[in-house]
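Residue numbers (full-length UniProt numbering), protein chains in the order written: chain A, 1 to 396; chain B, 1 to 396.
Warning: the hint list may mix true and false statements.
Claimed, not checked - Not the full set, but computed from the structure, chain A residues with beta-carbon under 8 Å of chain B:
hint: 1; residue: 3
hint: 2; residue: 52
hint: 3; residue: 107
hint: 4; residue: 255
hint: 5; residue: 374
hint: 6; residue: 376
Stated by the list, open to error - Within a straight-line C-alpha distance of at most 20 Å, the following computed DMTMM-like cross-link-like pairs (lysine to aspartate or glutamate) qualify:
hint: 7; chain 1: A; residue 1: 58; chain 2: B; residue 2: 252
hint: 8; chain 1: A; residue 1: 2; chain 2: B; residue 2: 252
hint: 9; chain 1: A; residue 1: 17; chain 2: B; residue 2: 89
These are computed hints drawn from the structure, not numbers from a lab. Since we're looking at a predicted model, the values are computed, not measured. Just so it is clear, CB atoms sit at the ideal spot from N, CA and C, and this is done for glycine as well.
There are 2 protein chains.
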Amino acid sequence: MKLSNKVLAMEHSPIRKFNAIAQKANEAGKKVYYLNIGQPDVETPACFMEAIRAFDEKVIAYAESGGVAALQDAISGYFRQYGMEYERENIIVTNGGSEALSMTFISLLNPGDEVLIPEPFYTNYHTFVTMADGVIVPITTTPEEGYHYADAEKIEAAITPKTRAICCISPGNPTGNVLTLEEIRLIGEIAKKHDLWIIADEVYREFAYDGRPATSFGMAEELADRVIIIDSVSKRFSACGARIGCIVSKNEELLDNLMKIAQGRLCSPTVEQIGAEALYKLSKSYYDEIRAEYEARRDVVYKELMKIPGVVCQKPGGAFYLTAKLPVDNVEEFLMFLLTEFDDQGETVMFAPAEGFYATPGLGKEEMRIAYVLNRKDMARGVELIRLGLEAYNRR
Amino acid sequence: MKLSNKVLAMEHSPIRKFNAIAQKANEAGKKVYYLNIGQPDVETPACFMEAIRAFDEKVIAYAESGGVAALQDAISGYFRQYGMEYERENIIVTNGGSEALSMTFISLLNPGDEVLIPEPFYTNYHTFVTMADGVIVPITTTPEEGYHYADAEKIEAAITPKTRAICCISPGNPTGNVLTLEEIRLIGEIAKKHDLWIIADEVYREFAYDGRPATSFGMAEELADRVIIIDSVSKRFSACGARIGCIVSKNEELLDNLMKIAQGRLCSPTVEQIGAEALYKLSKSYYDEIRAEYEARRDVVYKELMKIPGVVCQKPGGAFYLTAKLPVDNVEEFLMFLLTEFDDQGETVMFAPAEGFYATPGLGKEEMRIAYVLNRKDMARGVELIRLGLEAYNRR
């Protein structure tokens with residue numbers, strides 16, 4: 001019995017690749033600062049579990065395939081705060097942003113069709129595009145340029161007759177890159193010229209710092225027929241385990257076809273939708289509070305990082321990630337050293353090697369990704385441990 | 001911008017096709033007995049919401065990609081009751097049986113690869129196989145033979161060099177057909193001979209009547225390397241909205257590759273897994289109670305159905321569905337008549353036309369599916385309304 005080429009071409013999560021080794025370090029009595037995964041320590045707003053605890057239907061029945069109407073209305077209200085008008089019929093509730101992405105790629109891609117994605121990119125895009133028998137064509141960016149990709153020449157060089165869509169994540173994982181509305185419009189013009197769909201993964205929308213406004217491809221009216229927004233409660237509300245996300249679009253033909261997949265898998269979980277409704281109804285002041293916390297964490301991380309001689313990193317504008325080039329040939333070897341040979345007062349640190357975030361072979365070997373999802377003190381200590389580890393690594 | 005051929009080839013749920021028309025009948029003051037959908041009226045065991053209400057983590061964090069360990073252990077314990085040994089590493093928790101199926105097909109099928117499925121079949125198989133760019137090859141069964149398909153000649157006639165798997169749902173939706181252990185072994189022999197995977201959709205496992213034991217492809221040790229069991233809490237525990245299911249297998253290579261997809265979509269919902277753990281721990285007496293209730297409903301439905309002259313139906317042995325041939329040329333036209341022109345004392349009835357359950361064009365036009373998910377009185381009245389409707393239909 002054979003397995004499919006697509007599943008064989010997928011990869012195990014590179015973010016979790018070193019988990020077993022870190023676990024061993026832990027068991028050996030070392031304290032490990034985990035800067036590798038995007039699981040925030042911020043408390044989920046209490047309204048989530050309160051709404052769920054109050055749910056008292058006797059039968060946990062199927063929800064509507066497109067989502068519980070009250071949740072769709074709450075999502076609609078959330079977008080209205082930004083001047084974007086999406087009605088119930090524009091919103092399909094999904095099992096997290098993950099399912100929103102996989103449903104979208106399945107709806108757009110024939111075998112061999114191409115999607116443009118700036119690299120380094122969220123590694124699971126590879127899984128989702130491969131599930132659809134599609135191919136990622138990377139738009140390569142560099143740490144020296146702050147991972148900037150909103151550049152017509154750079155983007156158009158990657159377009160072929162097989163290109164069907166461009167997928168932009170802003171604020172970005174793993175780079176923290178944030179698109180301005182002008183950049184959104186520039187990318188939109190390219191998409192129009194080459195007749196491409198735009199997949200706008202905006203699950204970190206409010207995590208934009210230094211006074212940057214929350215932007216969205218949904219704000220560019222001229223792109224309404226081609227924009228597919230991916231949203232999720234995971235990061236914004238620190239509710240990763242809720243697995244509630246959505247696809248938002250104004251393209252009726254797309255929505256009608258997506259509904260076939262949505263009906264096929266029946267519905268998203270009923271109880272979690274009840275909780276998510278409460279989250280989407282939170283006022284804007286909630287985002288201000290969370291944003292301030294993450295911005296302060298970013299500042300701490302960046303400041304500590306700048307103490308490392310030879311590191312290359314432009315201050316990231318959003319999300320809660322930072323990718324940086326370290327002064328080593330091979331970041332994976334350095335990480336292995338940190339976990340197996342190094343400690344400072346019994347402590348060490350874990351980050352995500354960036355090679356797995358690149359599609360182009362050989363790139364990213366000198367880069368790492370940090371998720372600043374711990375409190376400021378721990379973040380500062382984590383980055384300090386990287387600095388101390390580098391010193392020890394170079395002394396070997 | 002184009003959509004993918006696969007999404008265009010999918011179909012909207014035929015079970016929901018007449019919903020809008022039934023809705024109108026309802027709004028016009030008619031009472032409609034809904035025998036068309038598999039949403040049971042049975043109360044979800046209280047332990048589900050109790051476990052969820054007691055969940056008091058401050059952060060709703062990602063669960064493990066393969067499932068919460070305590071839930072995997074509960075599933076393991078559930079299978080052990082039937083003498084089947086599956087450990088944590090044999091179990092991947094999914095977003096319902098639906099995701100278990102779509103992940104499985106994506107793992108097995110290259111574009112154009114074939115899966116054998118007895119028809120009539122659960123319509124969403126079409127969506128899941130098409131998502132994987134695969135093709136369903138039906139093994140045609142008939143109401144006259146009680147939709148029997150465990151027949152070497154019949155199955156082997158459908159095998160081609162592109163066949164990768166045979167997918168059996170037992171107890172079956174929509175036919176109520178239940179495989180004996182001997183039939184399971186016969187199908188297993190064919191799968192071994194032709195090197196096929198066996199996808200065993202057993203979400204109705206306990207719904208087997210007339211003293212039939214609960215059977216499973218997992219009971220045939222000689223098939224351990226090729227059997228992929230699909231399980232779910234939806235029907236067994238009347239928890240359709242929980243969207244918790246699992247893939248159970250002893251094939252390590254398959255599991256290792258499935259985990260790539262599982263990691264890609266991060267995890268199944270954390271809170272619902274807590275509730276599902278409590279469900280899987282229920283004792284066998286729970287199934288006895290539920291089985292007795294459904295068996296009594298089946299008896300009522302079958303008895304009422306046999307009062308209709310010209311109906312063709314073998315008494316189904318399990319699940320909570322029954323498919324029957326009605327003495328009309330076109331069941332969809334008859335259903336339209338029931339919803340728009342007919343009533344008896346202000347009441348009418350809705351069922352699922354069976355044409356959508358067949359892959360072979362032209363088949364199923366004279367058949368309907370009934371889900372016996374209402375109480376006995378309502379089920380009896382629903383089938384009586386079909387009989388009265390037929391009389392009125394023939395008098396026109």
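Right, here's what the structure says about each hint:
This hint holds: residue 3 of chain A has a C-beta 5 Å from the nearest C-beta of chain B, less than the 8 Å allowed. For residue 52 of chain A, the interface hint holds, since its Cβ comes within 8 Å of a Cβ in chain B; the closest pair sits about 6 Å apart. Given hint, residue 107 of chain A at the interface with chain B, holds; its Cβ is 4 Å from that chain's nearest Cβ, closer than 8 Å. Using the Cβ-Cβ criterion of 8 Å, the hint placing residue 255 of chain A at the interface with chain B is not satisfied: the shortest such distance is roughly 11 Å.
With 8 Å as the threshold, the beta carbon of residue 374 of chain A stays out of range of chain B, its nearest partner Cβ sitting at about 12 Å, so the hint is violated. Checking residue 376 of chain A against chain B by beta carbon gives a least distance of about 17 Å; that is not within 8 Å, so the hint is violated. At roughly 39 Å between alpha-carbon atoms, residue 58 of chain A and residue 252 of chain B are farther apart than 20 Å, so this suggested pair is violated. With a CA separation close to 13 Å, the supplied pair residue 2 of chain A and residue 252 of chain B stays within the 20 Å bound.
Restraint check for residue 17 of chain A and residue 89 of chain B: the C-alpha separation of about 18 Å stays at or below 20 Å, so the hint holds.
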